[in-house]
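S.K.: Protein chains in written order, with the numbering used here: chain S, 1 to 112; chain L, 113 to 221.
Hint data in this document are derived by calculation from the structure and do not stem from the laboratory. Bear in mind that the values here come from a model prediction, so they are computed numbers and not experimental data. Keep in mind that the hints are not guaranteed to be accurate.
[What the hints assert, rightly or not] Negatives, chain S to chain L, calculated, CB over 10 Å:
#1 52
#2 55
#3 64
#4 65
#5 66
#6 72
#7 74
#8 78
#9 86
#10 91
#11 101
[Stated by the list, open to error] To give an idea of the interface, some chain L residues facing chain S are shown, with a C-beta separation under 8 Å as derived from the structure:
#12 142
#13 153
#14 203
#15 206
#16 208
#17 210
#18 211
[Stated by the list, open to error] Computed list of lysine-lysine pairs in BS3-like fashion (alpha-carbon distance at most 30 Å, straight line):
#19 L:149 / S:57
#20 L:138 / L:171
#21 L:180 / S:57
C-beta: ideal position from N, C-alpha, C; glycine also.
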Amino acid sequence: DTGVSQDPRHKITKRGQNVTFRCDPISEHNRLYWYRQTLGQGPEFLTYFQNEAQLEKSRLLSDRFSAERPKGSFSTLEIQRTEQGDSAMYLCASSWGSDEQFFGPGTRLTVL
Amino acid sequence: QQPVQSPQAVILREGEDAVINCSSSKALYSVHWYRQKHGEAPIFLMILLKGGEQKGHDKISASFNEKKQQSSLYLTASQLSYSGTYFCGTEGAGNMLTFGGGTRLMVKP
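Full structure from sequences and hints, please.
M.R.: Below, the structure written as structure tokens:
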């Protein structure tokens with residue numbers, strides 16, 4: 001399978017805990033994006049990388065969120081001190097430049 | 113700055129046509145269209161670039177009016193498999209996509 005993969009697919013955590021998600025993009029893609037999607041809404045941009053450089057971060061993104069792409073391949077998204085409002089589907093996508101983005105299956109986060 | 117999509121929902125009979133519109137308040141470099149089925153990831157349909165270049169599936173057509181900052185997706189001879197939520201994503205300065213709220217399409221036999 002050469003598509004975008006995400007792990008885990010589901011995560012249930014208690015408020016205040018830290019969580020980390022992983023995204024493995026399509027191998028030849030240089031851009032990697034993180035989005036958040038809540039029920040009935042479109043994906044909301046969080047941040048993106050070109051190779052290992054984080055080039056853009058949403059102004060709406062709390063300081064509790066951090067993302068890395070250390071070697072320009074896989075990426076991790078960490079949420080510290082989770083809140084109930086963080087419950088959502090976290091989508092990763094990759095692309096070659098500004099070409100079409102290919103989305104992964106997402107990680108569904110539930111904060112209790 | 114989220115693009116506005118219309119209609120919010122549409123119900124079709126198999127074989128009917130539909131148009132989904134996307135309108136932005138800011139200057140656009142490109143418009144991307146995706147379809148998402150319940151519980152699945154968005155699937156790429158079409159990208160329209162400033163200057164007229166397009167890339168997408170043969171059975172999907174779309175237009176991009178750069179001056180009006182609007183795009184339309186044309187679904188002809190709809191099939192049951194067309195059901196889902198359609199999102200437009202607009203790209204302005206910054207290489208990031210801002211997605212609209214979606215148009216829910218249901219195709220009935």
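S.K.: Mind listing which of the numbered hints don't hold for this structure, in increasing order?
M.R.: When the structure is compared with the hints, numbers 2, 10 and 11 turn out to be violated.
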